[in-house]
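Q: Residue-level listing of the chains:
Protein chains: 2
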Amino acid sequence: MYGLISKLAVVPGKRDEMIAILSEGAAKMPGCFSYIVAKDSSDENAIWVTEVWDNAASHDASLSLPSVRNAMVRGKALIAGFEKVATTKPVWGIGLPGPV
Amino acid sequence: MYGLISKLAVVPGKRDEMIAILSEGAAKMPGCFSYIVAKDSSDENAIWVTEVWDNAASHDASLSLPSVRNAMVRGKALIAGFEKVATTKPVWGIGLPGPV
Numbered sequence: 057m058y059g060l061i062s063k064l065a066v067v068p069g070k071r072d073e074m075i076a077i078l079s080e081g082a083a084k085m086p087g088c089f090s091y092i093v094a095k096d097s098s099d100e101n102a103i104w105v106t107e108v109w110d111n112a113a114s115h116d117a118s119l120s121l122p123s124v125r126n127a128m129v130r131g132k133a134l135i136a137g138f139e140k141v142a143t144t145k146p147v148w149g150i151g152l153p154g155p156v
Numbered sequence: 057m058y059g060l061i062s063k064l065a066v067v068p069g070k071r072d073e074m075i076a077i078l079s080e081g082a083a084k085m086p087g088c089f090s091y092i093v094a095k096d097s098s099d100e101n102a103i104w105v106t107e108v109w110d111n112a113a114s115h116d117a118s119l120s121l122p123s124v125r126n127a128m129v130r131g132k133a134l135i136a137g138f139e140k141v142a143t144t145k146p147v148w149g150i151g152l153p154g155p156v
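Protein chains in written order, with the numbering used here: chain A, 57 to 156; chain B, 57 to 156.
A couple of the hints might just be wrong.
Copies of one chain are not kept apart here, so a pair can be met inside one copy or by any two copies together.
Listed next, the in silico DSS-like pairs over lysine-lysine satisfying Cα-Cα at most 27 angstroms (straight line) [to be verified]:
id: 1; residue 1: K84; residue 2: K63
id: 2; residue 1: K70; residue 2: K140
id: 3; residue 1: K70; residue 2: K145
id: 4; residue 1: K84; residue 2: K145
id: 5; residue 1: K63; residue 2: K140
id: 6; residue 1: K63; residue 2: K145
Treat the hints as calculated values from the structure; they're not laboratory data. All values reported here derive from a predicted model rather than from experimental measurement.
Construct the entire structure; sequences and hints are all you get.
A: Shown next as structure tokens:
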């Protein structure tokens, strides 16, 4: 498996709008086991995205999906910063396919 | 919902052992929607744990479960450091209950 933990900084006041755009873009992504969007509890302009994919190729391919490309275009003006906090190899998890 | 993103530093050479202990401890935790354990891809002594709970009370209650307490006791000697990277409010996600 392949994982990403990312932190997005949004333009002040635009977090809910950005979350909605991410939601539309993330539907039906082949090979995606988990894709969770969360508000940071202490920074009102920060969003965390944690992802688990079957492999890195599926993640890379998702960036070419029309829904994802469209979301990236729409969200671009709302993003003030992007930090890839970690690239991971998920080992097991509640909420993932297979035995826990 | 309530979320946590944590980074554990393990004693060198003990990552796989620590992951196994986490796995045993995390089974059957009421209110836990997602609990994913992942190896950091660039730091061989780091583990990421990303969690989603129905609420903070369920998370807090899990710390009193016998399985979790047992895992904490067994894992204590393997942990070199612990960083709570973020406390979050998950909004939606693939792999969570409810509509995506």
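Q: Work down the list of hints and note, for each, if the structure agrees.
A: Hints, verified against the model:
no., hint, result
1, K84 to K63, "within (22 angstroms within a copy, 29 angstroms between copies)"
2, K70 to K140, "both (20 angstroms within a copy, 26 angstroms between copies)"
3, K70 to K145, "between (31 angstroms within a copy, 16 angstroms between copies)"
4, K84 to K145, "both (22 angstroms within a copy, 23 angstroms between copies)"
5, K63 to K140, "both (6 angstroms within a copy, 14 angstroms between copies)"
6, K63 to K145, "both (18 angstroms within a copy, 13 angstroms between copies)"
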